[in-house]
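There are 2 protein chains.
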Amino acid sequence: MSNKLITPQTLKGFRDYLPDVMLQKEKLIEIARRVYRSYGFSPIDTPALEYSEILLGKGSDETDKQMFRFTDNGDRDVSLRFDLTIPFARFAAKYIGELGTPFKRYHIGTVWRAEKPQAGRYREFMQCDFDIIGTDSNASDIETLLVINDLIEQLGVGGFTIRVNHRQLLNGMLEKQGLLEHSVAVLRALDKLAKIGPDEVIKEMGVTAGATPEKAQQILEFAGLTGTPDEMLNRCEELVAGNERGLLGIANLRELFAAASAVGLPAGRVKLDLSIARGLDYYTGTIFETFLDALPKIGSVCSGGRYDNLAELFTKQKLPGVGASLGLDRLLAAMEELGQASTSRTPAPVLITQFDAKFLPEYLKMSRELRAAGIGVEVYPEAKGIGKQFKYADRKGFTIVLIAGENEFNEGKWQVKHLASGSQQVVESGELVKVVGELIGN
Amino acid sequence: MSNKLITPQTLKGFRDYLPDVMLQKEKLIEIARRVYRSYGFSPIDTPALEYSEILLGKGSDETDKQMFRFTDNGDRDVSLRFDLTIPFARFAAKYIGELGTPFKRYHIGTVWRAEKPQAGRYREFMQCDFDIIGTDSNASDIETLLVINDLIEQLGVGGFTIRVNHRQLLNGMLEKQGLLEHSVAVLRALDKLAKIGPDEVIKEMGVTAGATPEKAQQILEFAGLTGTPDEMLNRCEELVAGNERGLLGIANLRELFAAASAVGLPAGRVKLDLSIARGLDYYTGTIFETFLDALPKIGSVCSGGRYDNLAELFTKQKLPGVGASLGLDRLLAAMEELGQASTSRTPAPVLITQFDAKFLPEYLKMSRELRAAGIGVEVYPEAKGIGKQFKYADRKGFTIVLIAGENEFNEGKWQVKHLASGSQQVVESGELVKVVGELIGN
Chain A
1 MSNKLITPQT
11 LKGFRDYLPD
21 VMLQKEKLIE
31 IARRVYRSYG
41 FSPIDTPALE
51 YSEILLGKGS
61 DETDKQMFRF
71 TDNGDRDVSL
81 RFDLTIPFAR
91 FAAKYIGELG
101 TPFKRYHIGT
111 VWRAEKPQAG
121 RYREFMQCDF
131 DIIGTDSNAS
141 DIETLLVIND
151 LIEQLGVGGF
161 TIRVNHRQLL
171 NGMLEKQGLL
181 EHSVAVLRAL
191 DKLAKIGPDE
201 VIKEMGVTAG
211 ATPEKAQQIL
221 EFAGLTGTPD
231 EMLNRCEELV
241 AGNERGLLGI
251 ANLRELFAAA
261 SAVGLPAGRV
271 KLDLSIARGL
281 DYYTGTIFET
291 FLDALPKIGS
301 VCSGGRYDNL
311 AELFTKQKLP
321 GVGASLGLDR
331 LLAAMEELGQ
341 ASTSRTPAPV
351 LITQFDAKFL
361 PEYLKMSREL
371 RAAGIGVEVY
381 PEAKGIGKQF
391 KYADRKGFTI
401 VLIAGENEFN
411 EGKWQVKHLA
421 SGSQQVVESG
431 ELVKVVGELI
441 GN
Chain B
1 MSNKLITPQT
11 LKGFRDYLPD
21 VMLQKEKLIE
31 IARRVYRSYG
41 FSPIDTPALE
51 YSEILLGKGS
61 DETDKQMFRF
71 TDNGDRDVSL
81 RFDLTIPFAR
91 FAAKYIGELG
101 TPFKRYHIGT
111 VWRAEKPQAG
121 RYREFMQCDF
131 DIIGTDSNAS
141 DIETLLVIND
151 LIEQLGVGGF
161 TIRVNHRQLL
171 NGMLEKQGLL
181 EHSVAVLRAL
191 DKLAKIGPDE
201 VIKEMGVTAG
211 ATPEKAQQIL
221 EFAGLTGTPD
231 EMLNRCEELV
241 AGNERGLLGI
251 ANLRELFAAA
261 SAVGLPAGRV
271 KLDLSIARGL
281 DYYTGTIFET
291 FLDALPKIGS
301 VCSGGRYDNL
311 AELFTKQKLP
321 GVGASLGLDR
331 LLAAMEELGQ
341 ASTSRTPAPV
351 LITQFDAKFL
361 PEYLKMSREL
371 RAAGIGVEVY
381 PEAKGIGKQF
391 KYADRKGFTI
401 VLIAGENEFN
411 EGKWQVKHLA
421 SGSQQVVESG
431 ELVKVVGELI
441 GN
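So the sequence lines, in the order shown, correspond to chains A and B. Take the first sequence: its letter number 44 is residue 44 in the numbering used here, and every next letter is one higher. Take the second sequence: its letter number 286 is residue 286 in the numbering used here, and every next letter is one higher.
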């Protein structure tokens with residue numbers, strides 16, 4: 001071995017997670033799992049590596065270029081998954097007979113995209129998807145809305161708004177104008193409204209979808225409707241009058257808003273936004289986007305919608321479904337920007353110092369009593385100067401430091417120091433678990 | 001797009017996790033996290049992909065061949081990590097100045113090895129490592145033993161034995177015989193004892209380490225010592241008399257067994273096994289292996305030990321440490337073989353049937369009341385025949401099924417069916433959360 005050191009660098013676009021960030025990330029994942037489970041979604045997992053043929057199947061040219069793709073030792077053309085949707089489609093096609101429908105799953109997993117790294121965007125990130133497949137019931141769309149609501153509420157990032165639209169309402173509008181077969185082109189143009197302005201959008205709709213300026217203008221008016229959901233849907237009803245698709249979309253949205261109100265979601269939490277056109281060639285029904293009130297500019301932190309046929313590339317069985325995906329890393333970045341990032345570097349609130357090496361068994365015994373009561377505790381590994389041990393305690397952010405030496409053990413007592421307040425007390429051994437539990441607010 | 005379906009297959013050596021297995025896997029991970037955290041280990045994460053140079057650095061020829069290695073779109077030579085140790089070494093070299101020592105971390109992550117797939121062994125599997133670095137205190141070796149003990153105990157897989165050895169005791173023995181510089185060859189031969197028998201081992205030690213038959217015989221006698229830890233260590237003290245390394249190993253082991261006894265680990269839980277020679281060119285102090293009493297043949301489910309210098313390839317800072325790794329997938333396979341595999345396919349114990357679609361808001365409201373009380377509940381998405389909904393309940397393994405229609409809502413009541421016993425009762429709406437909570441044993 002040469003003596004030259006290897007530079008300990010990560011690849012461009014990849015990152016390490018240090019304890020402070022990782023503690024917060026694990027907390028967010030734990031909340032997502034708890035919410036998904038509380039609705040009966042079960043976890044699944046699929047391999048990070050799949051045959052490229054599987055992953056290429058439905059991707060756009062853009063996603064294809066973003067894949068980490070290579071030939072493995074067995075000459076197979078393989079790729080790292082770039083989302084959890086295609087693996088789920090493959091999974092569903094393979095096991096749906098065994099699993100039965102409706103099937104509800106969540107999947108929390110890493111995905112890889114070889115895109116140009118930008119601030120807050122990495123080539124490796126985590127997605128937290130949940131879906132219910134095998135049913136086209138609007139009850140599942142409503143459930144998806146409720147899951148998104150509970151999820152973001154419990155993640156504790158402050159106020160938020162869930163914006164909802166319905167693809168069939170848009171399609172009904174376009175069908176009435178004879179533009180349905182150009183819907184993708186129309187919606188792509190509409191999607192650029194904020195960026196290029198109404199005049200350019202109208203121009204583009206003319207070029208790519210053959211829309212007359214009048215029709216394009218009407219679509220813009222439709223997409224720009226404001227008011228309460230009821231007011232907006234009443235106006236939509238006039239606009240799509242007589243069109244079945246449009247009326248179905250409206251009926252589903254009415255049922256969704258009624259349910260949100262019936263179960264007591266805060267007023268204004270769910271908004272109808274007819275301009276949302278996400279997942280152009282994928283979503284076929286309800287569409288969801290979620291924005292943080294304090295930081296809307298980072299974009300939607302939880303998005304999804306209803307689709308007609310999840311696994312058409314892999315099976316003839318039609319699997320309609322609805323679901324959404326939490327952008328965990330985007331949310332972490334948002335929390336950092338909002339000053340909600342955690343600074344603790346320890347999951348255990350208590351440090352037992354090693355004041356005198358010969359009492360190590362006593363320190364260990366007390367640490368086990370505390371742990372048995374559900375209190376995380378670390379024993380400092382060396383009998384170094386107490387100042388050094390306190391410095392360690394400060395750096396890692398412990399709440400409580402415990403000290404005991406010859407004198408304390410002779411008297412059956414412990415010194416208990418509360419770091420934030422600086423207060424110190426002497427506690428009987430038999431009372432220590434109780435006192436520490438109270439101090440850390442257990 | 002062609003109409004030919006793509007076969008929904010996974011790559012050889014890779015697997016999908018269906019809900020029943022994944023629920024159990026998440027449970028095991030959760031327990032591991034809880035135990036690691038209770039000792040003050042903090043989570044970290046590192047990228048799945050690294051520069052090949054980083055990962056190749058310390059690997060043996062064998063691990064190099066097992067790497068998924070390729071050239072990425074930016075012409076970088078990259079590989080998927082094949083363990084969590086080398087990424088941790090790179091991580092430590094990069095951040096230890098910022099993090100300070102001692103540094104305790106756990107890392108639960110997927111690793112990839114292109115080895116020949118065998119029963120229960122996959123090319124993608126999860127490791128759950130924990131380590132404390134930046135200290136050579138034996139207190140950390142003792143802590144590692146206690147973490148392993150709590151971990152396997154709380155995983156609930158029945159009786160188990162932690163086998164312990166100490167590399168310095170072995171080395172002291174070899175040094176006394178003048179064989180220290182051939183220690184790797186000696187230990188490699190010793191490692192084959194069970195497979196090839198004593199005569200062949202003695203022969204191999206002669207060829208590869210230049211050991212006389214007498215010396216080889218003595219090493220075999222040493223490695224085969226039995227008795228209580230005290231008896232064995234007393235005999236070792238005679239064998240290595242005057243050798244500093246050997247005596248240091250003995251002192252550390254004595255302290256470890258004394259601590260295990262002081263904190264009340266069950267008698268026989270920790271055994272001294274002088275034949276363990278794992279991690280030949282890596283471990284330098286205490287060595288741990290853990291065997292399930294009911295299934296020793298699957299090998300160690302939690303192994304580790306002490307090392308001198310974690311990150312020598314990346315930094316001049318010496319980082320001694322100690323830790324171990326839980327073989328999660330091996331444990332899952334063991335639980336399956338022991339009939340401890342879970343059969344539930346739902347994380348939520350309660351199903352609310354959709355008896356009548358018009359009451360959907362009522363079903364949703366009740367589901368939220370139950371969830372607010374910490375009870376997981378699923379609402380069936382369609383108002384299909386009740387028989388179909390019960391079939392679904394049976395298949396997924398719900399504990400409780402709730403039913404209410406026109407009559408029940410008029411009377412303010414719910415039908416509550418306990419699936420396992422088949423018993424059914426009628427409960428006032430206001431009492432439902434309490435009754436269901438009792439039935440599922442909350």
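Heads up, some of the hints might be wrong.
If chains are identical, the list can't say which one is meant, so a pair holds when it fits in one copy or spans any two.
[Said to hold, decoys possible] Derived DSBU-like pairs: lysine-lysine, alpha-carbon spacing no greater than 30 Å straight-line:
1) K195 to K358
2) K65 to K12
3) K434 to K27
4) K384 to K12
5) K116 to K417
If you are wondering where the hints come from, they were derived from the structure by calculation, not from laboratory data.
For this session: Compare the structure with the hints numbered earlier in the document and write down the numbers of the violated ones, lowest to highest.
Result: 1, 4, 5
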